[in-house]
Structures are given as structure tokens and as C-alpha cells.
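Residue-level listing of the chains:
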Amino acid sequence: MTTLQKAAAKGPGGAARLLRYFTMPIFLGLAGLALYLYVGTQDLDSIEQRSLNAGTLIQQTARLLELAAVSTAIVVTLAVTTGVLLTRPFARRVSPFVIGLANIGQAVPSIGVLALLAIIWSIGFWPCIVALVAYSFLSILRNTMVGLRQVDRSIIEAARGMGMTKLAVLFRIELPLAVPIILAGIRTALIINVGTATLGTFIGAGGLGESINNAIRLDRTVVLVAASGVTAIVALFVDWLAGVAEDVLRPRGL
Amino acid sequence: MIRLEDLTKVFPAQEEAAVDDLSLEIYEGEIVVLVGPSGCGKTTTMKMINRIIEPTSGRIFLQGEDVTKVNPDKLRRRIGYVIQQIGLFPHMTIADNIATVPRMLGWEKKRTSDRIDELLETVGIDLSYRDRYPKELSGGQRQRIGVARAMAADPPVLLMDEPFGAIDPITRDRLQDEFLRLQQEIRKTIVFVTHDIDEAIKMGDRIAILKHQSKIAQYDTPERILTDPADEFVQDFIGSGPSIKRLSLSRVSDIETSDWPVARLTDSHDEVREKMRSTSRDHVLLLDEQEKPGRWVGLEEIQHDDTPLEESGRPAVAIVEANTNLYDTLDTMITSYKGSAIIVDEGGRYAGVVDFDTVLEAINTMRPHERDRHMSPAEGEQPRERTGQDLQAGGEER
Chain W
260 MTTLQKAAAK GPGGAARLLR YFTMPIFLGL AGLALYLYVG TQDLDSIEQR
310 SLNAGTLIQQ TARLLELAAV STAIVVTLAV TTGVLLTRPF ARRVSPFVIG
360 LANIGQAVPS IGVLALLAII WSIGFWPCIV ALVAYSFLSI LRNTMVGLRQ
410 VDRSIIEAAR GMGMTKLAVL FRIELPLAVP IILAGIRTAL IINVGTATLG
460 TFIGAGGLGE SINNAIRLDR TVVLVAASGV TAIVALFVDW LAGVAEDVLR
510 PRGL
Chain X
2 MIRLEDLTKV FPAQEEAAVD DLSLEIYEGE IVVLVGPSGC GKTTTMKMIN
52 RIIEPTSGRI FLQGEDVTKV NPDKLRRRIG YVIQQIGLFP HMTIADNIAT
102 VPRMLGWEKK RTSDRIDELL ETVGIDLSYR DRYPKELSGG QRQRIGVARA
152 MAADPPVLLM DEPFGAIDPI TRDRLQDEFL RLQQEIRKTI VFVTHDIDEA
202 IKMGDRIAIL KHQSKIAQYD TPERILTDPA DEFVQDFIGS GPSIKRLSLS
252 RVSDIETSDW PVARLTDSHD EVREKMRSTS RDHVLLLDEQ EKPGRWVGLE
302 EIQHDDTPLE ESGRPAVAIV EANTNLYDTL DTMITSYKGS AIIVDEGGRY
352 AGVVDFDTVL EAINTMRPHE RDRHMSPAEG EQPRERTGQD LQAGGEER
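As given, the protein sequences belong to chains W and X, one line each in that order.
When the letters of the first sequence are read in order and numbered with the numbering used here, they come out as residues 260 to 513.
When the letters of the second sequence are read in order and numbered with the numbering used here, they come out as residues 2 to 399.
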């Protein structure tokens, strides 16, 4: 947290930024506490107890985070690489085609992608990951391409004119300058993945979606409120983390 | 220093060549300005020198070495490059921006750091700016950093593409003067592109006026282009008042000052009268204790009058410094009382007087005088007439 504090203190309106950084976690903590107290006042039957115990909740939350983290890691690697390749001059022809393909991935409803994968492949953790990757690929790809294309041509020309190789220009000029926009894309993808990962339960990938689904089918409001509440808290927390990462990783001077 | 041989560039999917069979020799330590109407191919020509644009055919020699086929990235590290948009890296500090080429060349940290300090001093930017970012600088400061960055690894050649194009006129004028002063010290070989003939005249040791497809209309010193334009195209391009423009090329220190009686404000009336009688002039210039010009007094004003000298006559206001160009000197003169201007040195001390007649005389004798002044030792063996005129004729024959 020290880097964060330093970054916050350095920037304009340090106090205001610190406040912004810490409002969300405090709010989420309070929401979690409220949820805990609410569940504590209820009389739980055996079905509810099976879902609402620390072990199950932690295990399902961990699974949800795992699905989101693994899929995001994979999609970042793939989409950023693709984005870089598609913005090189030699890829001018194929880039509309690839973007069209990525569009299909996002246009098809996520539950449809999951079902489709379950039918043609199998169920479980990895099919769910593949679905999540397909679903969030476009937002990172698009942002990577936009981020790279918005880099001022004169900056690139100056760099080339001073004798930087194309690779050096990419890594030292283009990518750093595209970082803010790429990070925004990654943040979107991360949120999409946390949300969509709850649907993973339908193809046996586990996660908090399992409790939510059970609660709906068995008509257990307490479980439904608790599991959805935790999901929402996790999603908001991940979004907050990504926001902080955006601030810290954005190159200075921009 | 730089020799372009039969350079041609045809862009893909274009029928007409952008640059057609251009040959040009650029001498060491000179500023050569490529000037011409928009779309004439001057920028393309310049960018072929560091091969940002690869020539379709022809050859480029740098310091006698054929660099048409060498690794372009390595070539560019030997050539400074300044563009109109400057193109500073916004995510890097000023120091990191300047260190770009030294780092690529593998300089030691200490050497790079020392060089950054040295360059910041050279371009007149405070060292405290080292760790700032480009967005914190003004346009003029960014431009200076752009020049510093281009000179970082001390390349013998600088390419400048309308470097002062996007800057307000007042700052531009100052940056131009600064750059010319800097060039006095560093003596780089500079290829400078502009569409502004006045900038070309001011900056260039030699000007290449380019027509469509980078055909050379005239390649010569500014003086010769103004006095002896090769054809109608050049004449049109120079525009009106070539003789007046020529005046901005000579400094008042280049011409002889007139003999003028001076006295001191502390002298007695008799001494001043005596001074006046000893010359044919009807006015005497009075200097104060610091040798600074004080007042003009005429004979009739002190003949029968005992007004203190500090109050008689008129204050001396038409004052120019020795390095002022003749254009500005003449301007001062026209608005002055006696049609003359007082020259002072850097400390404001009296150094002489010029009047209309002296300037006219100087203009008439300027031609041979300038030839000597502009012949640099490096090209001493080549008769000067050859370099400009023959190349130009050669370009047209082909």
C-alpha cells in the first residue's frame, strides 16, 4: 500500500485521492457486515445451512475469483498480443476480419456460449474459462488497438528518426503510451468475467453461482440474498482493485 | 559532407515521382535550407537522407560513405532529427528524452548524465527541468529540448523539418536567433526544410529553391539568390522587395562608420564649438560619463546660447547595436532626426555613427565583399561560382 499512498500523495489533491481510494473498501466492508448480521438473525434450516457456512462460501468465492483471474490472465495475453499484431502495417488486411470474429464472441449471449461449449466439448473448469475468454476478448482487443492507434504519429516518427528499432518503438513508446486505454479494457474484461463466471455453475464449473442457482430452485431467499450479496461485493472489490491499478500503472507525464 | 546522387522517389500507387533525379552537395558546417512551395518534395528529400523514406533509386553519401544500403537504424543514430511537431516522448522526463540516442549507443550513465546537463545549458533550459515531463513545458521550451535531444550524441549532421513552424512569431524569431548563435559554436552540417523564404534567407548559408518534384531551381547563397535569381520561378518565390530583404543579411558592423565629431556633456560650450568648427558636420554628438550617447547639438543651438549642454539640442534616440542588421538599422535611421543612427557596443557605449550615404555606399559595394565573407575554409579549393551555378545548370540538363 505504500506505493499507492506515495502515488496518491504526489498527485494533485492528494487527500481527495486518498479518500477516493478508501471509500469503496470501507463501504464494501460495511455491506459485508450488514449481510453477515442479516443472515445471523435468520433461523436457518438444513438446506440453508449447507450453503451458508464459512467453508462453502469461502470455497465458492475462491472458485469464482479463480475463474475470473485465470480467464482474465489468458485473455489479456491473447488479446493484447493480437491487438499489437493487428496494428502492425502487415496486418492491415486481416484486422477487420479478426475484429469481426471477436465481435461474434461478444454478441452471442454468454449463457449460449457456455451451453455450446458444454455440448461440443465438455463441462467443468476449462470450458468455462474458454467461454469467459471468448466473451471478454473483444473489449481488450479493441482497447489495445485504439490505444496503439491514438499514439501521436509524430512521436513515433521522432523515435524512428532517432534510430529506434521498430521493436524498441513498440515497447518503449507505443505500449507505454497505450497503457491507460489498455488498462481500461482489462478492467472492463475483469468485471465481465466476474459477473459471467457465476453462470459457470451451469456447466459444472462451481463458484458462487452454485448457491445462487440452488437458492432460486429451492426458494431460499436468505441464501439468495447472501450469495448474490457476496458476488456483488466481490465484483465491486475487483473493480476497485483494477481502478487502483489503473492509477498506479498509468505512466507519469501523461 | 552529404552528397545526394540522382535521388528519386516514387511512392507506391503514384504515377509521378515525388522527387525526380535530384543531385545535391551539402558542405560541412553549413546550414542548407530546402525551400519550395508545398508538395514540391522538399520534406521527402530530407527524409530520404536518414531514410525515413527509402529512395526508389539513387545514392546517398554521408562523410564520403555510401549509406544507401547500411542499416537504417544505425545510420539514424548518426544524424540528429528535429521535426515540426517535435515529438517529445510525453511519458519520459526531459532527461530521459535527451538520453534516448546516447542510451541506444550504450553510453555510460555518468557520461550521459553529464551530456544532458551540458545540453540543457547550451539550449538555455534550467537544470531543474531534468525530471519534469514535456507537458510541463511551453512550446518554445519543448522546441529547445527537441534540438537538445537531436544533438545528444553529437551527430555531425542535423535534419530539421520546419522546426520553428508551429511556434508563435515572436518566440520563433527568438529561437531562430538563438539557433544561429548556437550554430556559430557547434558548426554542424544542417539540412533545414521550410516553406518560408524569409526564414530560409535568415537561416541559410545556402538555399536550395526547389520546384515541383524537387527539381533545383537555384542552389546558392541567400545574397546571390536575392541579387541574381536564376529564373522567373525563383523571382516569384522570393516575392517583392528582394533588395530590402538583402539588407537583413548584412550587419551594421560590416560597413564602415562615418567620421563624426563627438564631445562630452561635461565639456564647456567653447570646447564643443571648437569641435564643430574643426569638421564639416553641422552637428556634434555629446556623450555622457559612461561613453553612452547623450544628445545631438547643432551649431546654432549653442552659438549664442548658454543653456546647459544637458538641455540643448535633441536627445540621441536612434541607437543600434553593432550586430543589428542593415534592414533594422535603416528602419531606425528613417525615423531618426538627422537620417543617421548611432552604433553602440554591447555595454551601450558609443562606437560610431552610420548615415544614409554610408549604407547606400555599402549596398553598392556589397557583392564582392560578401563573396569573401561567405567562402568557408572547407570549400576554399572550389571556386564559389561553381558550387551554386553549375550544380543548378547540371540539374536542369539531366
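Everything labelled a hint here was simulated from the structure, so no lab data went into it.
Among these hints, one or two may not hold up.
Derived list of chain W stretches under chain X, where covered just means 3 residues or more per stretch with a C-beta under 8 Å from a C-beta of chain X [stated by the list, open to error]:
#1 419-427
#2 493-503
Each computed EDC-like pair below joins lysine to aspartate or glutamate, with the alpha-carbon atoms no more than 20 Å apart [said to hold, decoys possible]:
#3 W:Lys425 with X:Asp97
#4 X:Lys339 with X:Asp307
#5 X:Lys276 with X:Asp255
#6 X:Lys216 with X:Glu16
#7 X:Lys136 with W:Asp498
#8 X:Lys203 with X:Asp74
#9 X:Lys212 with X:Asp74
#10 X:Lys246 with X:Asp155
#11 X:Lys75 with W:Glu416
#12 X:Lys293 with X:Asp307
#13 X:Lys339 with X:Glu311
#14 X:Lys110 with X:Asp97
#15 X:Lys276 with X:Asp307
#16 X:Lys246 with X:Asp329
#17 X:Lys136 with W:Glu416
#18 X:Lys189 with X:Asp155
#19 W:Lys425 with X:Asp74
#20 X:Lys189 with X:Glu29
#21 X:Lys136 with W:Asp506
#22 X:Lys216 with X:Asp358
#23 W:Lys425 with X:Asp199
Keep in mind it's a predicted model, so treat the numbers as computed, not measured.
The beta-carbon is built from N, C-alpha and C at its ideal position, and this holds for glycine as well.
Evaluated hints:
Remark: the segment 419-427 of chain W is confirmed as covered by chain X, as 7 of its residues place a Cβ nearer than 8 Å to a Cβ of that chain, reaching the required three. For the segment 493-503 of chain W, the assignment as covered by chain X is violated, since 0 residues bring a beta-carbon within under 8 Å of that chain's beta-carbons and 3 are needed. About 19 Å separates the Cα atoms of Lys425 (chain W) and Asp97 (chain X), which keeps this hinted pair within 20 Å; it holds. About 23 Å separates the Cα atoms of Lys339 (chain X) and Asp307 (chain X), which puts this hinted pair outside 20 Å; it is violated.
Between Lys276 (chain X) and Asp255 (chain X) the alpha-carbon distance is near 28 Å, which puts this suggested pair outside the 20 Å criterion. The hinted pair formed by Lys216 (chain X) and Glu16 (chain X) meets the criterion: a straight-line CA distance of about 17 Å does not exceed 20 Å. Under the criterion of a C-alpha separation no larger than 20 Å, the hint pairing Lys136 (chain X) with Asp498 (chain W) is inconsistent with the structure, at around 30 Å. A C-alpha spacing of about 32 Å is found between Lys203 (chain X) and Asp74 (chain X), which places the hinted pair above 20 Å, so the restraint is violated.
Proximity of Lys212 (chain X) to Asp74 (chain X) is assessed by CA-CA distance (about 30 Å); at most 20 Å being required, the pair is judged violated. At most 20 Å may separate the alpha-carbon atoms for a hinted pair to count; Lys246 (chain X) and Asp155 (chain X) exceed this at roughly 34 Å. Of the supplied pair hints, the one linking Lys75 (chain X) and Glu416 (chain W) holds, its CA atoms being roughly 15 Å apart against a limit of 20 Å. A distance of roughly 23 Å separates the Cα atoms of Lys293 (chain X) and Asp307 (chain X); the hinted pair therefore is violated under the 20 Å criterion.
A threshold of 20 Å between alpha carbons decides the hint, and for Lys339 (chain X) with Glu311 (chain X) the separation of about 19 Å falls inside it, so the pair holds. The suggested pairing of Lys110 (chain X) with Asp97 (chain X) holds, with an alpha-carbon distance near 11 Å, which does not exceed 20 Å. Between Lys276 (chain X) and Asp307 (chain X) the CA atoms are separated by roughly 17 Å; this keeps the pair inside 20 Å, and the hint holds. Between the alpha carbons of Lys246 (chain X) and Asp329 (chain X) the distance comes to roughly 11 Å, so the proposed pair stays at or under 20 Å and holds.
Distance restraint check for Lys136 (chain X) and Glu416 (chain W): the Cα-Cα separation of roughly 19 Å lies within the 20 Å cut-off, and the hinted pair is therefore satisfied. Distance check on the hinted pair: Lys189 (chain X) and Asp155 (chain X) sit about 9 Å apart at the alpha-carbon level, within 20 Å; holds. In summary, the hint linking Lys425 (chain W) to Asp74 (chain X) is supported, as the alpha carbons are separated by about 9 Å, within the 20 Å threshold. A distance of roughly 7 Å separates the Cα atoms of Lys189 (chain X) and Glu29 (chain X); the hinted pair therefore holds under the 20 Å criterion.
Simply put, Lys136 (chain X) and Asp506 (chain W) have alpha-carbon atoms about 18 Å apart, close enough for the 20 Å limit, and the pair holds. A threshold of 20 Å between alpha carbons decides the hint, and for Lys216 (chain X) with Asp358 (chain X) the separation of about 41 Å lies outside it, so the pair is violated. With a C-alpha separation of about 37 Å, the suggested pairing of Lys425 (chain W) with Asp199 (chain X) is violated against the 20 Å cut-off.
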